[in-house]
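Novice: Listed here are the chains, written in short residue letters.
Protein chains: 2
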Amino acid sequence: MDHVAASAATPAHRIEFWFDFGSNYSYLSVMRIEAEAAARGVSVDWRPFLLGPIFRALGFDNSPFVLQKEKGAYVWKDMERQCRKYGIALTRPSVFPRAALLALRVALLGAEREWIAAYCREIMQQNFVHDRDIGSIEVVSEALAKLGLPAQQIVAEAQSDANKLRLREQTEAAASKGIFGAPTFFVGDEMFWGNDRLEDALDFCYSSPR
Amino acid sequence: MDHVAASAATPAHRIEFWFDFGSNYSYLSVMRIEAEAAARGVSVDWRPFLLGPIFRALGFDNSPFVLQKEKGAYVWKDMERQCRKYGIALTRPSVFPRAALLALRVALLGAEREWIAAYCREIMQQNFVHDRDIGSIEVVSEALAKLGLPAQQIVAEAQSDANKLRLREQTEAAASKGIFGAPTFFVGDEMFWGNDRLEDALDFCYSSPR
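Chains as they are written, first to last, in my numbering: chain E, 153 to 362; chain Y, 153 to 362.
Please keep in mind that the hints were generated in silico from the structure rather than gathered at the bench. Treat each hint with caution, since some may be false.
No copy is singled out in the list; a pair is fine if it fits within one copy or between any two copies.
Unchecked claim - Heads up, simulated DSS-like pairs for lysine-lysine below, C-alpha to C-alpha not over 30 Å straight-line: (1) K221 to K329; (2) K221 to K237; (3) K329 to K316; (4) K298 to K237.
Build the full structure now, drawing on both the sequences and the hints.
Specialist: This is the structure in structure tokens:
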């Protein structure tokens with residue numbers, strides 16, 4: 153992509169990445185986005201949100217991959233192949249979709265800190281490789297500690313009323329933007345749904361004047 | 153792909169292509185599959201079926217793109233971008249999804265004849281470019297005539313009781329194979345769902361001994 157100069161990302165070269173740690177296709181994007189975006193000189197705005205309330209507002213009381221047996225069976229086959237293609241490890245979680253409230257609150261808190269990408273990859277791997285309960289304080293704290301971060305302090309801050317409210321507000325913002333699944337990417341007002349559209353969304357950063 | 157010799161496709165190098173003319177993502181695959189398969193030395197087995205009964209058996213009384221407003225709005229945006237990417241024309245049909253019973257019966261009849269790919273592209277373009285009623289005898293006959301085929305004779309044969317029954321049986325076969333949407337590809341027992349997986353499915357023809 154010869155239009156990608158070595159310069160730092162300008163405001164025009166940004167992508168919003170909306171994800172939930174329970175979402176299997178979000179896992180693929182969490183593992184891929186930092187490198188793919190960097191290769192194109194695009195900055196990532198990490199936007200953790202709660203997919204559960206979005207599904208419930210649409211009339212689904214669980215993931216479509218659970219509610220639709222046929223699609224659910226297919227999805228794990230597809231995940232195996234996709235992970236092989238990308239060179240990403242996968243163990244089908246024994247609980248799906250996993251609630252990840254605390255992990256998401258921490259991600260929201262860290263969204264603009266330099267550790268966000270590594271933290272998100274670590275949490276995703278705990279869910280989709282090590283099959284651990286990413287909703288627990290134990291797993292979230294371990295993930296933070298592994299990155300050399302003050303886990304106790306961050307977890308306490310993540311559980312403050314202000315931060316809890318922010319996650320609810322971010323989830324409402326997702327709904328009002330028309331988000332119906334995860335991962336979802338925005339480049340300006342342009343929405344892209346699904347890990348399969350990550351490259352298209354990144355390329356779109358350069359496709360139109362903004 | 154250096155493993156693709158110039159030889160004719162062997163039985164191992166075949167892909168089943170399950171589609172409905174009303175399905176917008178099937179449109180993309182109908183327009184692309186012949187060239188993509190030929191480039192890899194893969195033969196296409198065309199498998200027209202009725203998506204409506206599949207959706208109804210899964211508990212949906214219409215396309216998910218109609219039932220889910222948010223997803224529906226997104227899908228047409230996505231279609232515009234995908235068509236631009238592939239260089240395929242698109243006019244959003246005024247009726248969606250369009251019933252295409254007769255057109256599918258003709259496709260079933262022609263599935264192993266040399267005109268199947270060109271016929272399917274023609275019908276799809278009548279739906280997704282020219283916004284015409286592909287369920288009508290008029291449009292189906294025109295499509296056949298355009299290919300220099302005896303339209304009246306083919307339409308009569310397509311509407312025989314035997315051929316009508318075959319389409320119902322093919323739709324039941326789709327359900328029993330676990331198909332829940334279109335397009336769907338099979339390489340042996342391996343299922344791939346969606347136009348986004350066409351290349352993966354074709355490449356899979358060479359990925360394992362069969």
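Novice: State for each hint whether it applies.
Specialist: Taking the hints in turn, this is what the structure says about them:
For the homomeric pair K221 and K329, the shortest alpha-carbon distances inside one copy (29 Å) and between copies (13 Å) are both at most 30 Å. Within a single copy, K221 and K237 get their C-alpha atoms as close as 25 Å, which meets the 30 Å cut-off; across copies the closest is 33 Å, which misses it. In this homomeric assembly, K329 and K316 come within 30 Å of each other (Cα to Cα) only inside a single copy, at 20 Å, whereas the closest approach across copies is 45 Å. When the C-alpha separation of K298 and K237 is checked against a cutoff of 30 Å, the pair qualifies only within one copy, where the shortest distance is 28 Å, while the shortest distance between copies is 42 Å.
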